[in-house]
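Sequences and hints are given; from them, build the entire structure.
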Amino acid sequence: MKTLYKYWLVSTNHLEDGVWFREESDFITGMNYVAVLAAVTGIDVFAFILMSNHVHFVLGCSRDEAEWFVNEFKRRYSQYLRHKYGAVKYLKKNGVHIEELPSDGESLERAIAYVVMNCVAAGICSHPSQYDWGSGKYLFATSSPKGKPLEEYSLHRKRVLLKTKESVPGNWLFSESGYILPQSYVKVEFVEHSIFRNPQRFNYFLNTSSKARRKMETDFSNLPSFRDQVIIAAIPDICRSLFDADSFKSLSENNQTEVLRQIRYRFSSNADQLARVTGLSYAETVRLLDRYD
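Numbering of the sequence shown is given in my numbering, commencing with residue 1116 and proceeding in unit increments.
For the record, the hints were derived by calculation from the structure and aren't laboratory data. Please note that the accuracy of each hint is not assured.
Stated by the list, open to error - Simulated pairs of lysine-lysine, DSS-like, Cα-Cα distance not exceeding 30 Å:
#1 K1207 with K1364
#2 K1273 with K1302
#3 K1189 with K1199
#4 K1207 with K1261
#5 K1204 with K1273
All values derive from a computational prediction rather than experimental measurement.
Okay, here's the thing in structure tokens:
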């Protein structure tokens, strides 16, 4: 084992006025960047999740390696955002928190449960096994998703699919959805057999995680009913139908207020979600809503 090898919970701060992943293809790109970085660095990935406006990893490595991993992920994904959307320095302001996890006690179990339960706490699904953009669905799964070994693709095709020239193991599986299956590089067997040991213990930590408690304690009427990506895709149509405009940013304050009202009515969105999907700050969103109310 490496001299400086430790366990780390690595998280980015939540973007308050935007999202990392606007549509499915963005999530797919993010999934492949995680896989490529795992291959390039040899860092052990025990859990991860990609959420609309932040990401989490549980890693085994030195602290410097953990910091490099998340910053390199941000750098590569920022380049992708700049190329696709023209978003310059979009993630530069998105801070990173790295917390050491003691190897004794139950810190690892709780950190992994915390990470994979993010999608449940956000009201996206009822169990981590239902969420595609992370490692939760691969733990104690009754069946493994099928994929095609990367060695069956030509070198050119692999570079196009993964957006990199770097080498990735040929036996890693590529899914029909367009990304390397996490079961290829996440330490699934170690997490199952050495950390949680059995499905019952895994479920115990899921149900007692801070994210699970937040879900149970939350007023369900205040949870957004639709994922950010669904609303982002609908905003141009709302702007065109109401004001014959192609973008929210091009609207006057009065018209932006009306679009916010329409989104809140149609999608049961709260102010946090409205800020993320429109790119407004939370304070500006509340100010515009207060004008209407």
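Find the hints from earlier in the document that the structure breaks and name them by number, from lowest to highest.
-> Structure breaks hint 4 only.
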